[in-house]
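*Asks:* All letters in the sequence shown, in the order written, are residues 1 to 362 by the working numbering.
If you're looking for bench data, these hints aren't it; they were derived computationally from the structure. Backbone N, C-alpha and C fix where the C-beta goes; we use that ideal spot for every residue, glycine too. Wrong hints could be hidden among the right ones.
[To be verified] Keeping only pairs whose Cα atoms sit at most 27 Å apart, straight-line, the calculated DSSO-like set for lysine-lysine is: (1) K56 <-> K146; (2) K312 <-> K258; (3) K56 <-> K312; (4) K258 <-> K151.
[Stated by the list, open to error] Simulated restraints on C-beta separations: (5) P197 <-> P153: 45 to 51 Å; (6) P197 <-> V82: 44 to 50 Å; (7) D198 <-> A39: 47 to 53 Å; (8) R147 <-> H344: 39 to 45 Å; (9) D32 <-> G256: 34 to 40 Å.
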Amino acid sequence: MALYAFAGSLTQPAPHFAAANGEGIAVFRFDDQAGTLTATGAPLRVEDASWIAAGKGGSLYATTETPDHRQSALAALHFDAVSETLRLLNVEPLGGLEACHLSLDAAGETVFAASYGGHREDGPDFGAAVMPVRADGSVAPASFLKRHEGKGPNAARQEAPHAHCVVPSPDGRFLFVADLGIDRLVGYELPGMARRPDLDAALLPGLGPRHFLFDGAGRHLYLVSELIPTVVSFRYDAASGRLEQLASLPIEPPAGGKDQPAGIALSGDGRHLYVSLRLSDDILLLAIDEATGMPHAVSRTSSGGVTPRDLKLSPSGRHLIVVNQDSDRLTIFRRDAQSGALTHRNDTEVGTPMTVALAEFA
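Construct the complete structure from the given sequences, taking the supplied hints into account.
*Replies:* Rendered as structure tokens:
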């Protein structure tokens, strides 16, 4: 199996971003022994690919936006591992603002998308969207668009709902959406997207949930919040689909500094959790208690750049790739399997990278 990395980038000027030096989606061959990335060719021009996820049979999907950043879309792509080339299958408009995250069901037959700007008054919008995948890997128009309601106490960032992350439950029966604007994990039942308020997890007002993931065993969910830097752990009951909050761990900033959490990654053995921290430009390592599933902070490591927006572990867990947005590079760290400690290996230049996805091909 050959391992590849797909890096999305900001290609057009946008609010809240220092620069837009990206060229599209760049493809790299990833040597997981040496920890090196080798470009396979020129990037494919896909505008503002802020999140990428791999599907089945070489399919990839990316959130993208039109030039005025007022109309989100989902791009479906196909990667040919023989020629090592990426081609665009189709771009399906979503009708919402700032689609920022996506995931797929286990079969690769459905794409779920989250829209940060899900409060638009001048047209259709959504907090969560469901898009069927066609036989050729392209995406069909959304079969469901779900809008959230409410706001939070942070007037600048929580004036309306802001869905930021969407992930199906490990068994595929439910869908959860982290909404930064309303301090809530919002629950739906699949496949019909029936709203299930009983599955919601209400969070501390003002917390601002950003990203979350399930552990490999499907027993725990870990969430990182952006506005009040915190890691929240939950126990997941697969039978009922309900979440029980176990702990809320504040992220202590460096002396005299500030943190703004962004990405989250969990080792395959479930022992180590990593959180990228913008403003301080650090990666936080947390250890997971095997008996309780609760994390505790262990150490910080410099991200090796500026504004670490995303981070992904290689399938072996041997390396961690950090997306340093405002220093135009991907930074690779060697990971110690026992301690979880990170050691800087090298850097690869990518203009204004936003996200990276890893996928193996025969």
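*Asks:* Are any of the numbered hints broken by this structure? If so, which, sorted upward?
*Replies:* Violated hint: only 5; rest satisfied.
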